[in-house]
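Given only the sequences and the hints, what does the whole structure look like? Please build it.
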Amino acid sequence: MTTSFIEGVLTGSIQSSTSVLYAALGEVVVERAGVINLGVEGTMLMGAVTGFMVTAQTGSALLGVVAGGLAAGVFNLILAYLVVTRKANQLASGLALMFFGLGLSALIGKPYVGQLVHGLDALPIPFLADLPVIGRILFNHDILIYLMVPLAALVWWVLFRTKWGLSLRAVGENKVVAFAAGLKPELLQYQAVFIGGVLAGLGGAHLSLAFAQSWSEGMTSGRGFIAVALVIFAAWHPFRAVAAALLFGGALALQLQLQARGANISPFLLDMIPYLLTLGVLLFVQKGRKRAMPEGLKAVFEGTN
Amino acid sequence: MLNGNSLAQIGKQQFSGLLRYMAMLALALLVFALVLLIFGKNPAQAYADIFSSTIGSAYGLSEVLVKVIPLVLCALAVLLPARIGLVNVGGEGQLYMGALLATWGALAVGDSLPAVIGIPLMIILGFVGGGLWAAIPAFLRAKGWLNETISTLLLNYVAVLWVNFFVFGPFKDPESANFPQSVLFADSVRLPFIGSSRVHFGLVLGLIALVVLYFVLKKTRWGYEMRAIGGNPEAARRHGLPITRYILVTMFIAGGLAGLAGMGEVMAIQGRLRPGFSPGYGYMGFLISWLALHNPLGVVVMSFLIAIIALGGDTLQITQGMPFSSVNVLMSLILFIVLGKFFNNMSFGWPKWEAK
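Chains F and L, in that order, are what the protein sequence lines are.
Going by the working numbering, the letters in the first sequence line up with residues 1 to 305, in that order.
Going by the working numbering, the letters in the second sequence line up with residues 1 to 356, in that order.
Don't read these hints as lab results, they were simulated from the structure.
Every residue gets a Cβ at the ideal spot worked out from N, C-alpha and C, and that includes glycine.
Hints are not guaranteed to be accurate.
Here are the computed lysine-lysine pairs in the DSS-like style, where the Cα-Cα straight-line distance is at most 27 Å [unchecked claim]:
(1) F:Lys184 - F:Lys110
(2) L:Lys341 - F:Lys87
(3) F:Lys298 - L:Lys341
(4) L:Lys143 - F:Lys184
(5) F:Lys298 - L:Lys143
(6) L:Lys341 - F:Lys175
(7) F:Lys110 - L:Lys41
(8) F:Lys175 - F:Lys163
Where chain F lies over chain L, by a calculated footprint (3+ residues, C-beta under 8 Å) [stated by the list, open to error]:
(9) 159-165
(10) 211-223
(11) 283-293
Incomplete in silico selection of chain L near chain F, CB under 7 Å [claimed, not checked]:
(12) Gly169
(13) Leu305
(14) Ser325
(15) Met331
(16) Ser332
(17) Leu335
(18) Phe336
(19) Gly340
Listed below in structure tokens is the structure:
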């Protein structure tokens with residue numbers, strides 16, 4: 001174990017957990033409102049492709065990130081309309097949304113396959129970035145990575161310290177009671193699904209603009225589903241979502257580092273780690289998690305909605 | 001008891017149900033035509049291409065059937081657990097594991113067995129492979145440890161990776177240096193084709209599964225008890241129904257059906273194991289079962305529809321230079337319209353006695 005190996009794993013885990021964390025934080029908001037979006041995969045792809053296209057057209061990665069987030073938020077409104085207004089089954093609607101995002105992003109992104117853009121730049125923080133090891137691990141990243149923890153804090157603050165967040169959580173627990181208390185459950189759910197889409201879109205944009213710096217069909221390769229699982233793992237809590245995402249990113253980075261060093265382990269077995277880890281941890285912590293699940297989601301998981 | 005009147009009633013219901021599905025389909029086709037226009041394609045030409053390459057010719061129709069086989073099996077893999085309130089999103093992984101275990105068997109026996117033993121062996125291995133993979137989430141659910149929705153979903157990725165591991169590793173044909181694939185299977189383990197088409201024996205398996213499931217769900221005590229569990233698990237538990245056993249057996253059979261789909265793909269269509277041989281049949285099966293309201297007859301109709309669209313995707317890729325997954329847009333438009341119940345004011349139904 002050399003320092004450069006550990007450094008590679010740690011830097012890598014931060015970089016590869018970013019897109020998943022943004023999507024997971026978005027999904028926390030959505031699920032706290034009693035809606036589950038199984039189609040985060042499609043939402044992320046819309047963010048990734050829009051972000052890439054706008055960057056390729058305007059030359060500004062920052063503009064691309066913003067556009068990716070907004071496009072994905074609007075895209076998510078399809079889900080809101082289906083499950084909130086039309087009362088459609090949430091799991092099936094989510095999967096349908098995934099297929100829609102997969103197809104639509106492939107269609108609009110086709111001319112951009114194989115193109116390279118100047119993506120998000122790393123912004124080394126003065127002085128701190130020059131610290132040995134730590135500097136390179138923590139203080140030499142792009143803007144979306146720096147915003148990971150502040151964003152989690154913001155989501156936490158909004159959910160648990162504002163009136164809007166309280167209302168949102170009330171809707172997620174029991175729509176009928178929330179309505180009786182004078183709230184507008186459907187409006188709140190629309191808002192939550194939109195915000196969830198924006199965050200998933202930012203995650204997708206990070207994937208195409210910083211992580212890969214290119215666009216390819218279906219490039220999220222399961223990260224959307226991982227995000228959904230991480231939310232349960234994190235017991236619908238923003239800070240635990242950060243830890244969960246870093247754990248996932250760590251597994252991914254460890255695998256890449258081992259491969260890069262020619263470790264004699266099949267990459268496919270290593271690729272399983274994040275999924276098995278998620279399963280294992282879900283299993284391990286399940287008991288406490290059941291209590292944490294928003295009441296409104298239980299019906300979905302029981303298959304009765 | 002069915003008398004003439006109620007039969008006519010059922011006939012009428014099915015007719016209006018059919019009309020309604022036609023209306024939804026028409027709307028989806030219209031919206032997709034707009035999408036095509038926006039992307040500078042000619043929708044009339046695209047639809048003509050899809051039609052002539054699918055139901056417009058005997059060959060096209062046979063190719064549709066080729067895709068209907070795995071779709072029906074994967075949809076049944078969702079339908080069956082749904083009857084007791086389980087959500088199986090793991091058809092894709094179960095399909096891959098069925099194919100993997102069958103491949104293992106095929107490579108192990110080579111051409112040492114006559115076809116009368118070899119083919120049934122493949123069918124059993126395909127079924128068991130998918131069944132055991134589904135038994136993992138079933139066991140975790142039955143113990144009350146982990147909800148099956150998430151676990152089946154996550155296990156899909158693990159299953160695909162297992163197949164990759166074997167195809168790139170132990171099962172790789174040393175002759176094919178650049179292509180990760182197994183050797184061609186011996187004829188004595190390959191499923192027979194029907195006539196000169198690519199429609200294979202899996203069609204018979206699918207039909208058997210359909211008839212048996214239909215009969216069991218509708219006519220037997222098991223079907224009745226499954227409805228009871230699906231309707232009210234707590235009441236069923238108090239009545240002493242063996243819920244744990246139902247969860248395990250139902251999921252095993254469901255996974256087995258998806259496993260058969262995977263086995264059919266490698267033992268008939270491909271003739272060897274290749275990575276990524278399924279274009280998402282498992283996920284499509286999930287949606288088909290939901291579109292059909294978990295009704296076996298509806299599953300057949302919807303499988304044909306989705307098969308035509310999926311095959312149309314291949315066509316558009318060639319004739320219009322569109323990415324294959326762009327037909328996902330058409331498929332999901334249909335899903336949106338059906339799931340959103342946009343035509344609910346029209347009198348509706350797969351026959352009521354089948355709706356859950």
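Okay, the hints, checked on the actual structure:
The straight-line distance between the Cα atoms of Lys184 of chain F and Lys110 of chain F is roughly 41 Å, outside the 27 Å bound, and the hint therefore fails. A threshold of 27 Å between alpha carbons decides the hint, and for Lys341 of chain L with Lys87 of chain F the separation of about 9 Å falls inside it, so the pair holds. About 23 Å separates the Cα atoms of Lys298 of chain F and Lys341 of chain L, which keeps this hinted pair within 27 Å; it holds. For the hint linking Lys143 of chain L to Lys184 of chain F, the alpha-carbon distance of about 38 Å lies beyond 27 Å, and the restraint is violated.
Under the criterion of a C-alpha separation no larger than 27 Å, the hint pairing Lys298 of chain F with Lys143 of chain L is consistent with the structure, at around 18 Å. Of the pairs offered as hints, the one joining Lys341 of chain L and Lys175 of chain F holds, with about 21 Å between alpha carbons and a cut-off of 27 Å not exceeded. Taken as a hint, the Lys110 of chain F and Lys41 of chain L pair is honoured in the structure, with Cα atoms around 14 Å apart against an allowance of 27 Å. The straight-line distance between the Cα atoms of Lys175 of chain F and Lys163 of chain F is roughly 16 Å, inside the 27 Å bound, and the hint therefore holds.
With 4 residues having a beta carbon nearer than 8 Å to a beta carbon of chain F, the stretch 159-165 of chain L meets the requirement of three or more and the stated coverage holds. Only residues whose C-beta sits within less than 8 Å of a C-beta in chain F count toward coverage, and the stretch 211-223 of chain L has 0 of them, not enough to reach three; the restraint is violated. Residues of the stretch 283-293 of chain L with a Cβ under 8 Å from some Cβ of chain F number 4, which satisfies the need for three, so the listed coverage holds. For the restraint placing Gly169 of chain L at the interface with chain F, the shortest Cβ-Cβ distance is roughly 6 Å, inside the 7 Å limit, so the hint holds.
The closest approach between the C-beta of Leu305 of chain L and any C-beta of chain F is roughly 14 Å, which is over the 7 Å cut-off, so the hint fails. At a threshold of 7 Å, the smallest CB-CB gap from Ser325 of chain L to chain F is about 4 Å, leaving the interface hint in force. The beta carbon of Met331 of chain L is positioned within 7 Å of a beta carbon in chain F (closest approach about 6 Å), and the interface hint is therefore held. A least Cβ separation of about 4 Å between Ser332 of chain L and chain F falls short of the 7 Å threshold, and the interface hint therefore holds.
For the restraint placing Leu335 of chain L at the interface with chain F, the shortest Cβ-Cβ distance is roughly 4 Å, inside the 7 Å limit, so the hint holds. The beta carbon of Phe336 of chain L comes within 6 Å of a beta carbon in chain F, closer than 7 Å, and the hint placing it at the interface holds. With a cut of 7 Å, the hint placing Gly340 of chain L at the interface with chain F holds, because the nearest CB-to-CB distance is about 4 Å.
Comparing the model with each earlier hint shows violations of hints 1, 4, 10 and 13; every other hint is respected.
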